[in-house]
Amino acid sequence: MAGSTTSGGVSEQDDSPLESERGRTTIADAVVVKVASIAAREVPGVHALGGGAARALGAVTRQVGLGDAGGGQGVSVEVGDREAAVDVTVVVDYGESIPEVSRAIRENVAKRIEGICGLKVTEVNLAVNDLYFPGDDEDEQGQSESSGQQTRVA
Amino acid sequence: MAVPLAPLSALREPTPRARLARVAVRAARSVDGVVETRGGPGGTHITDCGGELLPGVSATAARNGRFDLELRLVVRAVPLHELAERVRGRVASAARQADLADRLGPVSLYIDDVEEPLAP
Chain V
1 MAGSTTSGGV
11 SEQDDSPLES
21 ERGRTTIADA
31 VVVKVASIAA
41 REVPGVHALG
51 GGAARALGAV
61 TRQVGLGDAG
71 GGQGVSVEVG
81 DREAAVDVTV
91 VVDYGESIPE
101 VSRAIRENVA
111 KRIEGICGLK
121 VTEVNLAVND
131 LYFPGDDEDE
141 QGQSESSGQQ
151 TRVA
Chain Y
1 MAVPLAPLSA
11 LREPTPRARL
21 ARVAVRAARS
31 VDGVVETRGG
41 PGGTHITDCG
51 GELLPGVSAT
61 AARNGRFDLE
71 LRLVVRAVPL
81 HELAERVRGR
91 VASAARQADL
101 ADRLGPVSLY
111 IDDVEEPLAP
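Chains as they are written, first to last, in my numbering: chain V, 1 to 154; chain Y, 1 to 120.
In short, the hints are calculated from the structure, not lab data. Even for Gly, the Cβ is constructed at its ideal location relative to N, Cα and C. It is possible that some hints are incorrect.
Claimed, not checked - Partial chain V-side listing against chain Y, Cβ under 10 Å, derived:
{"id": "1", "residue": "SER20"}
{"id": "2", "residue": "GLU21"}
{"id": "3", "residue": "ARG24"}
{"id": "4", "residue": "ALA30"}
{"id": "5", "residue": "GLY118"}
What the hints assert, rightly or not - Straight-line distance between alpha carbons at most 25 Å, and here's what the computed SDA-like set of lysine to any residue pairs gives:
{"id": "6", "chain 1": "V", "residue 1": "LYS120", "chain 2": "Y", "residue 2": "GLU82"}
{"id": "7", "chain 1": "V", "residue 1": "LYS111", "chain 2": "Y", "residue 2": "GLY33"}
{"id": "8", "chain 1": "V", "residue 1": "LYS111", "chain 2": "Y", "residue 2": "VAL35"}
{"id": "9", "chain 1": "V", "residue 1": "LYS111", "chain 2": "Y", "residue 2": "GLU85"}
{"id": "10", "chain 1": "V", "residue 1": "LYS111", "chain 2": "Y", "residue 2": "VAL78"}
{"id": "11", "chain 1": "V", "residue 1": "LYS111", "chain 2": "Y", "residue 2": "ARG86"}
{"id": "12", "chain 1": "V", "residue 1": "LYS120", "chain 2": "Y", "residue 2": "PRO79"}
{"id": "13", "chain 1": "V", "residue 1": "LYS111", "chain 2": "V", "residue 2": "ARG82"}
{"id": "14", "chain 1": "V", "residue 1": "LYS111", "chain 2": "Y", "residue 2": "GLU13"}
{"id": "15", "chain 1": "V", "residue 1": "LYS120", "chain 2": "Y", "residue 2": "GLY33"}
{"id": "16", "chain 1": "V", "residue 1": "LYS120", "chain 2": "Y", "residue 2": "ASP113"}
{"id": "17", "chain 1": "V", "residue 1": "LYS111", "chain 2": "Y", "residue 2": "HIS81"}
{"id": "18", "chain 1": "V", "residue 1": "LYS120", "chain 2": "Y", "residue 2": "HIS81"}
{"id": "19", "chain 1": "V", "residue 1": "LYS111", "chain 2": "Y", "residue 2": "PRO55"}
{"id": "20", "chain 1": "V", "residue 1": "LYS120", "chain 2": "Y", "residue 2": "ARG86"}
{"id": "21", "chain 1": "V", "residue 1": "LYS111", "chain 2": "Y", "residue 2": "ARG76"}
{"id": "22", "chain 1": "V", "residue 1": "LYS111", "chain 2": "Y", "residue 2": "GLY40"}
{"id": "23", "chain 1": "V", "residue 1": "LYS111", "chain 2": "Y", "residue 2": "ASP99"}
{"id": "24", "chain 1": "V", "residue 1": "LYS111", "chain 2": "Y", "residue 2": "VAL74"}
{"id": "25", "chain 1": "V", "residue 1": "LYS120", "chain 2": "Y", "residue 2": "ALA2"}
{"id": "26", "chain 1": "V", "residue 1": "LYS120", "chain 2": "Y", "residue 2": "ARG76"}
{"id": "27", "chain 1": "V", "residue 1": "LYS120", "chain 2": "Y", "residue 2": "VAL78"}
If we strip away everything but chain V, and leave its shape as in the complex, we get (with noise of 0.2 Å):
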């Protein structure tokens, strides 16, 4: 089962208390992307997660039935048995401090893994990688609407 095993960096330690002699509790990676997804996502000025093709791919998967909104686009994790530490991607709103806004990111990824998780966090590295202007999905649907007529009248 694909769960709270050692990868990459993150160290394994004994005495897990995800462990006891009542028996063994494993928390599946998706869970804690999920976790750390919709964390991210509580915090004022964060738009969206994930770049703009995993942003794209994820409206597609939506719209056809295949995804759902509390998905873990734009957060990767790397879980231990005790640590886990997390990525994450977000589109920032025009006007909010990046600085404070990353610094609230961080606390409450941290804070809810480790309360619902029980993993303490040792890194949550973040990449913002676009800002978000009022108006932008306007801008693009009606570009859209636009390549659709075209497309029809061709």
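Please build the complex by placing chain Y on the supplied structure of chain V, with the hints as guidance.
Same frame as chain V, now just chain Y:
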């Protein structure tokens, strides 16, 4: 002279292993915070209990006559250590009520997925 065959229903009678799996999966689902049990990729965690398919549980015989249980869960975004202990407690209690306590071994949990946004 024809040998009388056992009725088909007797062949489908759940074994202690299957009964323990059924007790465990029902107990786990009754815990607040557990959304469902899930059979896993390829149905690796499905137990046939006298014709009733139980997704999300497997029971493996151990040398001491007990069965090691594995439960595969989809849960809400709640603290998972505490939830795991509640599930184990509920399974142990249900096994006692079903007179299967002496067959219950360690209960391993696999948190397969989490649902619902986090509470503020």
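* Asked: Quick one, is the GLU21(V) hint okay against chain Y at 10 Å, beta carbons?
  -> This interface hint holds because 7 Å falls under the 10 Å limit.
* To do: Take a quick look at whether LYS111(V) and VAL74(Y) sit within 25 Å of each other, Cα to Cα.
  => Judged against 25 Å, a Cα distance of about 21 Å means the pair holds.
* Should the interface hint for SER20(V) be scored as holding, given a Cβ-Cβ cut-off of 10 Å against chain Y? -> holds (8 Å)
* To do: With a cut-off of 25 Å on the C-alpha distance, tell me whether LYS111(V) and PRO55(Y) pass.
  => violated (32 Å)
* Taking 25 Å as the top limit, are the C-alpha atoms of LYS111(V) and VAL78(Y) close enough? -> Holds, because 13 Å separates the two Cα atoms, which is no more than 25 Å.
* With a cut-off of 25 Å on the C-alpha distance, tell me whether LYS111(V) and HIS81(Y) pass. => At roughly 15 Å apart (the allowed maximum being 25 Å), HIS81(Y) and LYS111(V) satisfy the hint.
* **chain Y contact restraint on GLY118(V) - CB to CB distance below 10 Å** => It holds, given that the least Cβ distance between GLY118(V) and chain Y is near 5 Å, below 10 Å.
* Given hint ALA30(V) near chain Y, where the shortest CB pair must fall under 10 Å -> At about 6 Å, which falls below the 10 Å cut-off, the nearest Cβ of chain Y leaves the hint on ALA30(V) intact, so it holds.
* Do the alpha carbons of LYS120(V) and PRO79(Y) lie within 25 Å of each other, as the hint requires? -> Holds. LYS120(V) to PRO79(Y) sits at ~14 Å (cutoff 25 Å).
* Starting from LYS120(V), check that the Cα of ALA2(Y) is at most 25 Å away, please. => Roughly 68 Å between the alpha carbons, so the hint for LYS120(V) and ALA2(Y) is violated.
* To do: Measure nothing beyond the straight line between the CA atoms of LYS120(V) and GLY33(Y); if it is 25 Å or shorter, mark the hint as holding.
  => holds (22 Å)
* Asked: Has the given pair, LYS120(V) with ASP113(Y), been kept, meaning a C-alpha gap of at most 25 Å?
  -> holds (19 Å)
In terms of the numbered hints stated before, the structure departs from hints 14, 19, 22, 23, 25, listed from lowest to highest.
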